[in-house]
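Sequences listed follow chains A and B, in order. Counting from 3, one number per residue, gives the positions in the first sequence under my numbering. Counting from 153, one number per residue, gives the positions in the second sequence under my numbering.
Calculated directly from the structure, the hints in this document are not laboratory data. Beta carbons are placed, not taken as given, at the ideal position from N, Cα and C, and that holds for glycine. Treat the hints with care, since some could be wrong.
Only part of the chain B face toward chain A is listed, based on derived beta-carbon distances under 10 Å [as the list claims (entries may be wrong)]: (1) Pro160; (2) Asp176; (3) Ser179; (4) Arg183; (5) Tyr187; (6) Gln189; (7) Gly192; (8) Gln193; (9) Phe197; (10) Thr199; (11) Leu207; (12) Ser210; (13) Leu213; (14) Phe217; (15) Leu243; (16) Leu257.
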Amino acid sequence: QKEVEQNSGPLSVPEGAIASLNCTYSDRGSQSFFWYRQYSGKSPELIMFIYSNGDKEDGRFTAQLNKASQYVSLLIRDSQPSDSATYLCAVNIQGGKLIFGQGTELSVKP
Amino acid sequence: DTGVSQNPRHKITKRGQNVTFRCDPISEHNRLYWYRQTLGQGPEFLTYFQNEAQLEKSRLLSDRFSAERPKGSFSTLEIQRTEQGDSAMYLCASSSNNRAANEKLFFGSGTQLSVL
Numbered sequence: 003q004k005e006v007e008q009n010s011g012p013l014s015v016p017e018g019a020i021a022s023l024n025c026t027y028s029d030r031g032s033q034s035f036f037w038y039r040q041y042s043g044k045s046p047e048l049i050m051f052i053y054s055n056g057d058k059e060d061g062r063f064t065a066q067l068n069k070a071s072q073y074v075s076l077l078i079r080d081s082q083p084s085d086s087a088t089y090l091c092a093v094n095i096q097g098g099k100l101i102f103g104q105g106t107e108l109s110v111k112p
Numbered sequence: 153d154t155g156v157s158q159n160p161r162h163k164i165t166k167r168g169q170n171v172t173f174r175c176d177p178i179s180e181h182n183r184l185y186w187y188r189q190t191l192g193q194g195p196e197f198l199t200y201f202q203n204e205a206q207l208e209k210s211r212l213l214s215d216r217f218s219a220e221r222p223k224g225s226f227s228t229l230e231i232q233r234t235e236q237g238d239s240a241m242y243l244c245a246s247s248s249n250n251r252a253a254n255e256k257l258f259f260g261s262g263t264q265l266s267v268l
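Make a model of the complete structure from these sequences and hints.
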């Protein structure tokens with residue numbers, strides 16, 4: 003089992019819809035969870051982080067964490083074509099490093 | 153704050169040659185990380201430093217790979233006797249001294265290595 007798992011996609015949503023991206027992780031001791039956005043040919047950019055169970059909202063983005071289910075998700079409301087990118091879930095393991103999932107490619111169609 | 157800087161942006165080399173990459177982190181950051189990314193995959197952890205101390209190195213990392221951060225500022229990643237399988241984007245990231253923020257990584261633009 004991989005330490006951090008995501009569906010690779012591609013996930014296609016129409017403009018204005020809600021995009022839902024999911025991630026599971028294997029280490030129950032993980033405390034910190036991150037979402038990075040990566041445009042094609044560019045480096046990852048931090049867009050959200052969450053430490054506690056529940057929801058955390060920032061603009062059109064909402065991160066959701068359920069530690070009991072070892073599940074973290076990212077919702078993007080009112081999706082725009084400019085949101086088309088690969089979204090990487092990352093989990094802090096053993097306090098020192100981030101482990102990334104393989105990423106989910108999102109395509110927002112006008 | 154000029155961000156994380158990596159050089160060179162691209163490197164083409166022949167199999168068997170040695171290559172060295174440089175990373176300059178954000179100036180006030182004391183943690184520095186190296187990751188490797190291939191097409192369609194997420195970044196793969198290689199190693200990280202806190203100041204000049206190398207705290208962890210991936211068990212999957214070949215002995216041909218070595219990294220240094222001699223004065224706790226910039227870092228170099230060297231690959232000896234390159235192989236075609238080493239072709240990838242090599243990403244450097246840094247994070248803040250602040251304990252609450254030291255898990256938030258900021259990435260450089262990466263060095264794209266092609267081994268022919």
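Tested hints:
{"no.": "1", "hint": "Pro160", "in the structure": "15 Å, violated"}
{"no.": "2", "hint": "Asp176", "in the structure": "14 Å, violated"}
{"no.": "3", "hint": "Ser179", "in the structure": "18 Å, violated"}
{"no.": "4", "hint": "Arg183", "in the structure": "9 Å, holds"}
{"no.": "5", "hint": "Tyr187", "in the structure": "8 Å, holds"}
{"no.": "6", "hint": "Gln189", "in the structure": "9 Å, holds"}
{"no.": "7", "hint": "Gly192", "in the structure": "7 Å, holds"}
{"no.": "8", "hint": "Gln193", "in the structure": "5 Å, holds"}
{"no.": "9", "hint": "Phe197", "in the structure": "5 Å, holds"}
{"no.": "10", "hint": "Thr199", "in the structure": "9 Å, holds"}
{"no.": "11", "hint": "Leu207", "in the structure": "6 Å, holds"}
{"no.": "12", "hint": "Ser210", "in the structure": "9 Å, holds"}
{"no.": "13", "hint": "Leu213", "in the structure": "13 Å, violated"}
{"no.": "14", "hint": "Phe217", "in the structure": "16 Å, violated"}
{"no.": "15", "hint": "Leu243", "in the structure": "6 Å, holds"}
{"no.": "16", "hint": "Leu257", "in the structure": "6 Å, holds"}
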